[in-house]
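Engineer: Below, each chain spelled out in residue letters.
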Amino acid sequence: AQSVAQPEDQVNVAEGNPLTVKCTYSVSGNPYLFWYVQYPNRGLQFLLKYITGDNLVKGSYGFEAEFNKSQTSFHLKKPSALVSDSALYFCAVRDMNNNAGNMLTFGGGTRLMVKP
Amino acid sequence: SAVISQKPSRDICQRGTSLTIQCQVDSQVTMMFWYRQQPGQSLTLIATANQGSEATYESGFVIDKFPISRPNLTFSTLTVSNMSPEDSSIYLCSVGGGPDTQYFGPGTRLTVL
Numbered sequence: 002a003q004s005v006a007q008p009e010d011q012v013n014v015a016e017g018n019p020l021t022v023k024c025t026y027s028v029s030g031n032p033y034l035f036w037y038v039q040y041p042n043r044g045l046q047f048l049l050k051y052i053t054g055d056n057l058v059k060g061s062y063g064f065e066a067e068f069n070k071s072q073t074s075f076h077l078k079k080p081s082a083l084v085s086d087s088a089l090y091f092c093a094v095r096d097m098n099n100n101a102g103n104m105l106t107f108g109g110g111t112r113l114m115v116k117p
Numbered sequence: 272s273a274v275i276s277q278k279p280s281r282d283i284c285q286r287g288t289s290l291t292i293q294c295q296v297d298s299q300v301t302m303m304f305w306y307r308q309q310p311g312q313s314l315t316l317i318a319t320a321n322q323g324s325e326a327t328y329e330s331g332f333v334i335d336k337f338p339i340s341r342p343n344l345t346f347s348t349l350t351v352s353n354m355s356p357e358d359s360s361i362y363l364c365s366v367g368g369g370p371d372t373q374y375f376g377p378g379t380r381l382t383v384l
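Same order as they appear, the protein sequences are chains A and B.
Under our numbering, read the first sequence as residues 2 to 117, first letter to last.
Under our numbering, read the second sequence as residues 272 to 384, first letter to last.
It is worth saying that the hints were derived from the structure and are not from the lab.
Computed from a predicted structure; not experimentally measured.
Treat each hint with caution, since some may be false.
A few chain B residues that don't get close to chain A, going by computed Cβ distances all over 10 Å [stated by the list, open to error]:
hint, residue
1, Thr288
2, Gln322
3, Asp335
4, Leu344
5, Val383
Going by beta-carbon spacing under 8 Å, a handful of chain A positions derived as facing chain B [said to hold, decoys possible]:
hint, residue
6, Tyr40
7, Gly44
8, Ile52
9, Ala88
10, Phe91
11, Leu105
12, Gly110
Pairwise CB distance ranges (calculated) [unchecked claim]:
hint, chain 1, residue 1, chain 2, residue 2, range
13, A, Gly63, B, Gln295, 28 to 36 Å
14, A, Gln46, B, Asn321, 19 to 27 Å
15, B, Glu357, A, Asn31, 32 to 40 Å
16, A, Lys70, B, Glu357, 37 to 45 Å
17, A, Ser4, B, Ser355, 26 to 34 Å
18, B, Ser355, A, Gly63, 41 to 49 Å
19, B, Ser272, A, Gly30, 23 to 31 Å
20, B, Gln285, A, Asn56, 47 to 55 Å
21, B, Glu329, A, Tyr40, 25 to 33 Å
For each residue, glycine too, the CB sits at the ideal point set by N, CA and C.
Start from the sequences and build out the full structure, keeping to the hints where you can.
Structural biologist: Quick look at the structure:
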């Protein structure tokens, strides 16, 4: 079975400061890892993914995430937060060795609040 | 990338009625997925729909409550049957662009009174 944990329901950060949204995962094989963002009354938007290769992945809107296999983590980061980054962020995982299909398992979500 | 549209975007329904949600994709895809996002919650997979076969339901979801159609490679419907207020959620259609890619529709916001 595969699972994802986002330990923080909400993260508060001041505009201009760096932000981190935490994610840890559990899979039996090797993971595909994803971050999605959901703005109010909008669908999910893809931010970035880790498949293989460099552990530091760069994505949309200046976000990046670091894959850490030993800690089974995939934390989302941004060097300088913007008020417009305020949204709900979801981490998701798929087991590369899962032959049951392309099912994504999502974390519980973390609400990011960036204050001016 | 795939462009996904859903109809309706939102609806308010009475208890005991049913609502059918449509999902249209701008390209042919093998697998389509239906997710539910209850208020303040994460996304939960309801079922996987392959064209030409019965949908595969996740634990806790049954075909009588959430019948799914997949008549062709670009379209699917999800029906929420005999609705109760507990069914109030956002329902999202999703398609896989490959094992490392998944796209989501804008969602259908359902409120059951």
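Engineer: Each hint should be assessed against the structure and marked as holding or not.
Structural biologist: Do the hints match the structure? See the list:
1. Thr288: holds (24 Å)
2. Gln322: At about 14 Å from chain A, Gln322 of chain B clears the 10 Å cut-off, so the statement holds.
3. Asp335: The claim holds: Asp335 of chain B sits with its nearest Cβ about 22 Å from chain A, beyond 10 Å.
4. Leu344: holds (15 Å)
5. Val383: Holds, since 18 Å exceeds 10 Å.
6. Tyr40: Result: violated, 11 Å to nearest chain B Cβ.
7. Gly44: Holds, because the Cβ-Cβ distance from Gly44 of chain A to chain B comes to roughly 4 Å (cut-off 8 Å).
8. Ile52: Result: holds, 5 Å to nearest chain B Cβ.
9. Ala88: Not OK, violated: Ala88 of chain A not within 8 Å of chain B, min 14 Å.
10. Phe91: holds (7 Å)
11. Leu105: holds (6 Å)
12. Gly110: Nearest chain B Cβ about 5 Å off; hint holds.
13. A:Gly63 with B:Gln295: 28 to 36 Å: Holds - the Cβ-Cβ distance for Gly63 of chain A and Gln295 of chain B, about 32 Å, lies within 28 to 36 Å.
14. A:Gln46 with B:Asn321: 19 to 27 Å: This hint holds: roughly 26 Å between Cβ atoms.
15. B:Glu357 with A:Asn31: 32 to 40 Å: Check passed, 37 Å falls within 32 to 40 Å.
16. A:Lys70 with B:Glu357: 37 to 45 Å: holds (39 Å)
17. A:Ser4 with B:Ser355: 26 to 34 Å: Given a distance of about 28 Å, which is inside 26 to 34 Å, the answer is holds.
18. B:Ser355 with A:Gly63: 41 to 49 Å: holds (43 Å)
19. B:Ser272 with A:Gly30: 23 to 31 Å: holds (26 Å)
20. B:Gln285 with A:Asn56: 47 to 55 Å: 52 Å Cβ-Cβ, so the 47 to 55 Å window holds.
21. B:Glu329 with A:Tyr40: 25 to 33 Å: At 26 Å between Cβs, range holds.
Of the numbered hints given earlier, the model fails hints 6 and 9; all others are met.
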